[in-house]
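**Q** Given next are the chains, with one letter for each unit.
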Amino acid sequence: KQEVTQIPAALSVPEGENLVLNCSFTDSAIYNLQWFRQDPGKGLTSLLLIQSSQREQTSGRLNASLDKSSGRSTLYIAASQPGDSATYLCAVRPRTGTASKLTFGTGTRLQVTL
Amino acid sequence: GAGVSQSPSNKVTEKGKDVELRCDPISGHTALYWYRQRLGQGLEFLIYFQGNSAPDKSGLPSDRFSAERTGESVSTLTIQRTQQEDSAVYLCASSLARKKLFFGSGTQLSVL
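For the protein sequence lines, the chains are A and B, in the order given.
Here the first sequence is numbered in the working numbering, starting from 1 and rising by one per residue.
Here the second sequence is numbered in the working numbering, starting from 115 and rising by one per residue.
Derived from the structure by calculation, the hints contain no laboratory data.
Among the hints, a few may not be true.
[To be verified] Coverage of chain A stretches by chain B, computed from C-beta distances (three or more under 8 Å per stretch; other residues unrestricted): (1) 28 to 40; (2) 44 to 55; (3) 105 to 111.
In this text, a Cβ means the ideal position worked out from N, Cα and C, and glycines have one as well.
Excised from the complex, chain A in its bound form (with noise of 0.2 Å):
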């Protein structure tokens, strides 16, 4: 059963400030994986999504990478802004099997401060 991890829970940066956020997953035979981000009482927008053949996406300030064989991706934001402020959330999709389980981290809580 593949299980997806997010660390650190929580984070809390000062404005300006490159960050990295963390997601680990169990089983590598993964087709893709999406980073979303969600702001307190809405749905989930989409960042980046990395194939399992690439190494990473940018998109902006965002960067995405992927090492499949270790299981791990990261998100990295350039030069933080208050408006980052929000929960990230990464999701693998499996590459075999039934394509709808998607399996989603727990998140992580960003907070950007003045």
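With chain A fixed as given, assemble chain B onto it according to the hints.
**A** Quick look at chain B alone, frame taken from chain A:
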């Protein structure tokens, strides 16, 4: 549509009543998912549709929960005889095959 649309955004009901939650996926998206998120907890998978069939409904917590989908369009999640433990945000998502997943804003269900 431009995004995944869910209605209502908030629903307050009395224990024992039935509720219907609606999801309108992105046009052309073949896959549709329902998740539940209790306060302060992670996402709990409920059911997955491919077209109008549901190959995986293993996450439905009890026979009080059911869902249907019309073609590759609207889906309805029905909860019968609601209980207080059903209180949660119900999230719908859609994707084209196994590509990027897009979520709606959710329905906040409160059972009194």
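**Q** All the hints need checking, so say for each whether the structure fits it.
**A** These are the hints, each one checked on the structure:
Beta-carbon proximity to chain B at under 8 Å applies to 4 residues in the region 28 to 40 of chain A; the threshold of 3 is reached and the given coverage holds. Counting residues of the region 44 to 55 of chain A whose CB lies closer than 8 Å to any CB of chain B gives 4, so the stated coverage by that chain holds, three being the minimum. Closer than 8 Å: that is the beta-carbon criterion, and the region 105 to 111 of chain A has 3 residues meeting it against chain B, so the requirement of 3 holds.
Hint compliance for this structure: every hint is met.
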